[in-house]
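Asker: Residue-level listing of the chains:
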Amino acid sequence: MIKNLRLWLPVTMLAALIASGCMLVSGQFIVPFKFIDVGADPVTVNSSTSLSGVAVDLNTVDVYADHKGDLKDVVDLALLGNLTNLDSGAGLTVEVWMVPTPGTMLTTDAAVRGATGAIKVWGPVTVAASGSKNIGWDESAALFTGRKQLIDEIKGDGRFDLYALGNNGYHFRITKGVLMAVISAGK
Amino acid sequence: MRRLIALTLVALCLSAGAAFARGVGIGAFAGMSVPVLQEDVDKGNMFGVRVPVNLVPLFTVEPYYASAALGEATESVGDIDYTREGFDEKAYGVNAMLTLGGPVTFYPYAGVGQTSLKRTGFDDSFTTFNFGLGLGISPAPKLSLHLRGELQTVVDGEASRKFGNVTVGASYALFSMP
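First to last, the protein sequences are chains G and C. Here our numbering is used: the first residue of the first sequence is 586, the next is one more, and so on. Here our numbering is used: the first residue of the second sequence is 447, the next is one more, and so on.
A portion of the hints provided could be inaccurate.
[Claimed, not checked] Derived DSS-like pairs: lysine-lysine, alpha-carbon spacing no greater than 30 Å straight-line: (1) C:LYS489 <-> G:LYS657; (2) G:LYS653 <-> C:LYS588; (3) C:LYS489 <-> G:LYS733; (4) C:LYS564 <-> G:LYS740; (5) G:LYS761 <-> G:LYS619; (6) C:LYS588 <-> G:LYS772; (7) G:LYS657 <-> C:LYS588; (8) G:LYS718 <-> C:LYS536; (9) G:LYS705 <-> G:LYS733; (10) G:LYS772 <-> G:LYS761; (11) C:LYS564 <-> G:LYS733; (12) G:LYS772 <-> C:LYS489; (13) C:LYS489 <-> G:LYS740; (14) C:LYS536 <-> G:LYS772; (15) G:LYS657 <-> G:LYS733; (16) G:LYS705 <-> C:LYS489; (17) C:LYS588 <-> G:LYS733; (18) G:LYS761 <-> G:LYS733; (19) C:LYS564 <-> G:LYS705; (20) G:LYS772 <-> G:LYS619; (21) G:LYS761 <-> C:LYS489; (22) C:LYS564 <-> C:LYS489; (23) C:LYS564 <-> G:LYS619; (24) C:LYS536 <-> G:LYS657; (25) C:LYS536 <-> G:LYS761; (26) C:LYS536 <-> G:LYS619.
[What the hints assert, rightly or not] Coverage of chain C stretches by chain G, computed from C-beta distances (three or more under 8 Å per stretch; other residues unrestricted): (27) 469-478; (28) 488-499; (29) 598-607.
Keep in mind the hints are simulated off the structure, nothing from the lab. A virtual CB, placed ideally from N, CA and C, is assigned to each residue, including glycine.
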């Protein structure tokens, strides 16, 4: 009995060391994709037939490019920035949709919702008439609804398109937009 | 459900061990938990309780419960600072320790347990491994003071979150066989 117990400790320690050691060089890294880097700052939408999307290519972010080969998971996601309702007559509700296959940018609400693989990934968030709202990291992280699909894209080629879809007057502006992802990477 | 099963196992381990234990104590500790290579969270305070059960000479098992409030992380993008709140961490499990007697002892230990990490938009539990080294000083009968340093590995799929924990604590021997 005593021999078994004394054997158990080094075995447990070895197992813990192996479990820890195998992932010793893993870590969590922040990947900020700034909309301004693809000329999408501000993003102004004036109607449901004149959308302006954001062509995301995470490969342009050094942190992502450095860890793409050993990327294991995406552990946190947020869309940050300032959302302004340009309609003075009605409140605005905005949600963000992802089109997984980049291509010609879509310009209508119907085309985005009908695109192959398109899915709502974030929102909704509401802004009062003529109001403005800064969307912070914590609030935004809780608004992701299509995490798996977006994570799959980030773990894939890192390229996809995002579109903000609204309602009511469909007249809003997004400034200082950022897609913030936290990736787990390790060897 | 997983938490209930794990707690039951810990309780069974503790009760079974206590049934033929050479000594049982109770202790509390506090210290600092420092994330290793994690850009989305910062260091924070931790505290907890331990129940060392000395089963045979040199060998002690120690169920534990720990709680940590990890700090928020800030990332500057352009000219704006964005802040992400830290995790509220709860952990429980069992350590196995190679303990020597005497007024001053060094002891290695390893353990396995469950850790839950929670913050806005995130709430999940993970298997945890930890190992470390402790220094124990016994200034009076039944009382011992402990300084520990450990690496805590929270396994999340193919990756992991790692924390370096440094704690100080005190234990009181509820009973011990000579």
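Asker: List, from low to high, the hint numbers that the structure doesn't satisfy.
Answerer: The structure conflicts with hints 2, 6, 7, 8, 10, 16, 17, 25, 26, 27, 28, although it agrees with all the remaining ones.
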